[in-house]
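**Q** Single-letter residue listing:
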Amino acid sequence: MSDVANNDIVNNADAPVLPAETEDRLSAMQREQGPILDVKDLKVDFITDDKREVHAVRDVSFNVYPGQWVAIVGESGSGKSTSAMAVLGLLPGTGHVVGGSIKLEGKEISHYSRKQYEQILGEKMGLVPQDPMSNLNPVWRISTQVKEALKANHMDISHEKRSKLAAAIAEAEGDINLKNVDDETFLGSKELPGLLEAAATALDKAGVRDGAAERAMARFKQEGVPGSETRWRVAEELIKAGVGDDEAWRIAKKYVIGSTMDDRIAGLLDEAGLPDAATRARQYPYEFSGGMLQRALIAIGLACRPDLLIADEPTSALDVTVQKKILDHLHTLTDELGTAVLFITHDLGLAAERAQHIVVMYKGQVVESGPSLEVLQHPQHPYTKRLVAAAPSLASQRIISAHERGENAEALMEHHAKGEDTLEKSEHIITVNHLTREFKLPRKKEMFKAVDDVSFSVKRGTTLAIVGESGSGKSTVANMVLKLLEPTSGTVTYEGEDISGFKGAKLLDFRRHVQPVFQNPYGSLDPMYSIYRSIEEPLRIHGIGDAKSRRKRVEELLDLVKMPRSVMQRYPNELSGGQRQRIAVARAMALDPDVIVCDEAVSALDVLVQDQVLRLLNDLQAERGLSYLFITHDLAVVRQIADEVVVMQKGRLVEHATTDEVFDHPQQQYTRDLLDAIPGGKLKLGLD
Amino acid sequence: MSDKNHQDDDMTDFAMNETSRSSVTSGTGTVLPGQERYVASLDETPLHEVDSMDESAPASNMWTDAWRTLRRNPLFIVAGVLIVFIVFVALFPGVFTHQNPNYCQLEHSLEKGGPGHPFGYDTQGCDVFTRTVYGTRTSLSVGLLTTLLVVIVGTLIGGLAGFFGGWIDAVLSRFTDIFMAIPMLLGAIVVLQMFRTSSSIWKIVLVLTLFGWTQTARIARSSVLETKNLEFNTASTALGSTPLRNLVRHILPNSVASIIVVGTTSLGSYIVSEATLSFLGIGLPSTTVSWGGDISNAQAILRTDPSVLFYPSAALAITVLAFIMMGDAVKDALDPKSRTA
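Sequence lines, in order, name chains A and B.
Our numbering puts the first residue of the first sequence at 63, with every later residue one more than the last.
Our numbering puts the first residue of the second sequence at 4, with every later residue one more than the last.
Treat each hint with caution, since some may be false.
Quick list of in silico lysine-lysine cross-link-like pairs, DSS-like style, CA-CA up to 30 Å [what the hints assert, rightly or not]:
id, chain 1, residue 1, chain 2, residue 2
1, B, K231, A, K502
2, A, K511, B, K231
3, A, K568, B, K231
4, B, K231, A, K506
5, A, K302, A, K252
6, A, K545, B, K231
7, A, K223, A, K252
8, B, K231, A, K565
9, B, K231, A, K507
10, A, K113, B, K334
11, A, K511, A, K283
12, A, K252, A, K169
13, A, K283, A, K316
14, B, K231, A, K712
15, A, K165, A, K102
16, A, K105, A, K169
17, A, K565, A, K511
In short, the hints are calculated from the structure, not lab data.
Taking the hints into account, I'd like the entire structure generated from these sequences.
**A** Have a look at this one:
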């Protein structure tokens, strides 16, 4: 909902840049304190139904220093989440640690019982889980769920607890003079009006007037968050604004006298970047957007000020722009608190951007680890090289940096984007004219415009990408182009003919030429159909060929998508997501279509598999002159496949240009935001 | 993959110009202990082709998987053996006894068991063993036929309601609710009053179906509703398939598992219902051998000669138990929630 609006307090790009000397001091301190988490030769086994042991994690070693971000990167099934869950003592099902050691602050915890783990979870280690939608209890208010975390760990809600590292840094820098324990008392909501009033009077007395005073007061109002602002910070702010030392401390002592549970909850949510936290805390999870839920989970994960936060793909389920905001915020917050973060992701670009140290995992083992930029620039293990080559964020980054250095980027691109001239000359195979679609919302009178006056055309043999966040109406457009949904107004024409009039044989003919590939590789194939039957289905529906010729066609199609022919007798549940998606492409290709509509066709796949499917689509286009309408939320992918880009926001078309134009000269702020959100955008990359 | 790495030289060049961003990395000089560069040797983890297909893995689909799960389930083995035996008894009662279950001689009344008559005689002088053996056929036919009819009627009504939605769903669902509101036994008693003279088992089967189809209809409806919205139906539509073809080819086959589960679990309860109705004297007439009738006849002498009541009751309990266990085992194997994708 309002993910776009908040963050005005901290929106300072990604990692806050510390001054050089602070950093030296930091690393000296890290060296002195030793790693907060030290995992050595960790082995985790799962036991299958037929009592076989599966080695999910084999001899994995890595460590995390206080205040550091360490990323574990790998594809699904590489054991990255399993390693993290082993550290937390939360291995699912039959998983158990069979060897190696896990040391938290030098203490071995791998043999801990559930009870012992309860002592350290929350307080020493926090978790931000992957799927925000399923990790909050829908029947409880958000505040109750934050309270649960605080209560379970007997947190003192009226005093700030800081990590050792944060305290040490603060002390070393000498800019904070804590006089006694109570200086870390939180501000309460009851005393806030009094404090503001006193501050105004004090400013007035100190001779701060007009603009300066207004600015100072505005800052107090913004920073004075009950349950988050502490006494010493209030005093410091006052002193900075021009109030005398003694007077400032007097006011702080008088008005900052501790917070209530509700204050603290609101304070925590506010810190996690939730706007209007006190009101929001009383709401239920269903009233929150995905990004807001993730913020609430971050608040819960950090509620007890753990020294180590484990973030398991915290933003994979979210839009890229929201992902960026949340990670930026988390970064600032953990830096302030001195919290170390173990960050799990499948995106190497994202990992390199956020973490100082990267651990690359493959098939349960660590294949490469080291300082993030070094790993990214000089990948040595063939698997890391593959990852670097495939990551869409990095690929588009490579093209940009090649452009900047005045080199010919063509060689780097799988897909050779057509220039404007070629596009103009091309024949329009699908034209969308002033397309509008309204939906009736429950309990509301006015109609909701999912798609609002959208026009564009797909040229033969080219790819047009529609980009936008979830809810921008891009899939609705796809469904209307496929004639699975009727537009409220406007037209879709295929080869010059309005498709709304298509019926019977004409419709069947249209279906034959315009084919979809859907997002969810697990849903788009009928689990009861063998692969052969799935691919054969279109031939059967259109009555093409006899049993023998169909079989031959299916074999050809499997060759086309580079799947072994033996797969025909198998069922979708035996295939991985990428393999299923290739089967879906084969099915779409069965009737030799002209146009393929890919609705988020690669969004659910791992980077390597995504790269593979994109290559397949590119090859097919080059060989057969296919036209693609490619729907995606990820601009990074667009660069690899599209000639033209249409950017949609809230149902409206906001920008329409060639891919190069959009990447080099984005016209709209929204497009620039989307471009900025591509992870790894700020990284300096080698042209490898 | 190797073609992607042909620019290795560039890479080194570039690293020299690299201005390290302080916040991202501390450079090689300040690497903390334990975080030095590490590269695993390739021999340890051989690199596989991206997303390669394991062709050696045994083929599996929903049914073979279910069968594999079933085979290992002791509940299924016990229930399976019992059911095979019960079906065999029902089909060939002559193998176990050569007597006519309706051949009763009063002179044998309440005689204890002896050779050829292991369970003894009842009040009427009928052989308890023979009657128990022949009673299997009645119970089993009622159970199986009722289940079959219930599944057909329930799937039809529930499936149509789920598939078409809208007012068709509203009408059919209310119709289902009405029938669900009538207690099965009460309804059966009222209806069966009218057909007291008929000795056909069909009257029981039809009455049980009339009041028993609602549960299957509900399951079928929700299952169809769930399957209907899955993407493969949209994919089929986009391929040119008609809605009706989707229903028959995709939606119903995908809903069949949950219907089978509810069918097997309720089979036992239909057998019990038949016995109850016969016990109450409004089920099958005494000319038809049935466990319920025999139990009813034996209840008067329960205190003096409990064994007469014991044998048909035990047979009933074992049969019902076998089917309920089978239902549980099938549910474990087929329940979509317990199955991993």
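**Q** State for each hint whether it applies.
**A** Comparing the hints with the structure gives:
Taking the CA atoms of K231/B and K502/A, the gap is about 21 Å. The hint holds against a cut of 30 Å. Pair hint K511/A plus K231/B holds up; C-alpha atoms about 26 Å apart against a cutoff of 30 Å. Between K568/A and K231/B, the direct Cα distance comes to roughly 25 Å. Compliance with the 30 Å bound is thereby established for this hinted pair. With a C-alpha separation of about 27 Å, the suggested pairing of K231/B with K506/A holds against the 30 Å cut-off.
A hinted pair counts as satisfied when its Cα atoms are at most 30 Å apart, and K302/A with K252/A qualifies at roughly 24 Å. Proximity of K545/A to K231/B is assessed by CA-CA distance (about 18 Å); at most 30 Å being required, the pair is judged to hold. Of the supplied pair hints, the one linking K223/A and K252/A holds, its CA atoms being roughly 22 Å apart against a limit of 30 Å. Taking the CA atoms of K231/B and K565/A, the gap is near 23 Å; set against the 30 Å cutoff, the hint holds.
For the hint pairing K231/B with K507/A, the CA-to-CA distance comes to about 28 Å; that is within 30 Å, so the pair holds. Restraint check: the Cα-Cα separation between K113/A and K334/B comes to about 22 Å, which is no more than 30 Å; the hinted pair holds. Of the supplied pair hints, the one linking K511/A and K283/A is violated, its CA atoms being roughly 38 Å apart against a limit of 30 Å. Distance hint between K252/A and K169/A is unfulfilled; the C-alpha atoms sit about 42 Å from each other, more than 30 Å.
Only pairs whose Cα atoms come within 30 Å are accepted, and K283/A paired with K316/A is accepted, the gap being roughly 18 Å. Taken as a hint, the K231/B and K712/A pair is honoured in the structure, with Cα atoms around 28 Å apart against an allowance of 30 Å. The hinted pair formed by K165/A and K102/A meets the criterion: a straight-line CA distance of about 8 Å does not exceed 30 Å. Distance restraint check for K105/A and K169/A: the Cα-Cα separation of roughly 18 Å lies within the 30 Å cut-off, and the hinted pair is therefore satisfied.
Between K565/A and K511/A, the direct Cα distance comes to roughly 27 Å. Compliance with the 30 Å bound is thereby established for this hinted pair.
Checked against the numbered hints above, the structure breaks hints 11 and 12 and satisfies the rest.
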